[in-house]
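Modelling step: build the complete structure from the supplied sequences, incorporating the hints.
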Amino acid sequence: HPAFWESPEVFDPERFSPERSVNRPSFAYFPFAGGPRLCIGNIFAMMEAKLVLATIAQRYRLRLLPGHPVEYEAMLNLRPRHGMLMTLQHKSSTP
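Heads up, the sequence shown is in the working numbering, so the first residue is 3 and it goes up one at a time.
Simulated from the structure, these hints should not be mistaken for laboratory data.
A quick note: this is a predicted structure, and the numbers were derived from the prediction, not measured.
Label pairs and their in silico Cβ distance ranges:
#1 S95 with L40: 39 to 47 Å
#2 Y31 with V54: 18 to 26 Å
#3 G85 with S9: 19 to 27 Å
#4 G37 with R81: 19 to 27 Å
#5 P4 with K93: 38 to 46 Å
Note that CB positions come from ideal geometry on N, CA and C, so glycine has one too.
Shown next as structure tokens:
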């Protein structure tokens, strides 16, 4: 919605950065809704996301970038405070 997002039709992952989220209401991004109007595709989308991550883990070696700090913060669950910068290497290209 234009009231909450600058150029809402444009793909911009940086819009979720902490700096740009300061003055935004916490439920401005609520992709699957909630309550009785919960999106019927919610469970499918979450399952699909898990399968994509499992496929990536199956086909690639994930390595944390050297020197990247890993600090956790407690929200509803633990999450990396500064993200996790990683490299991917296809498993068929490694010994």
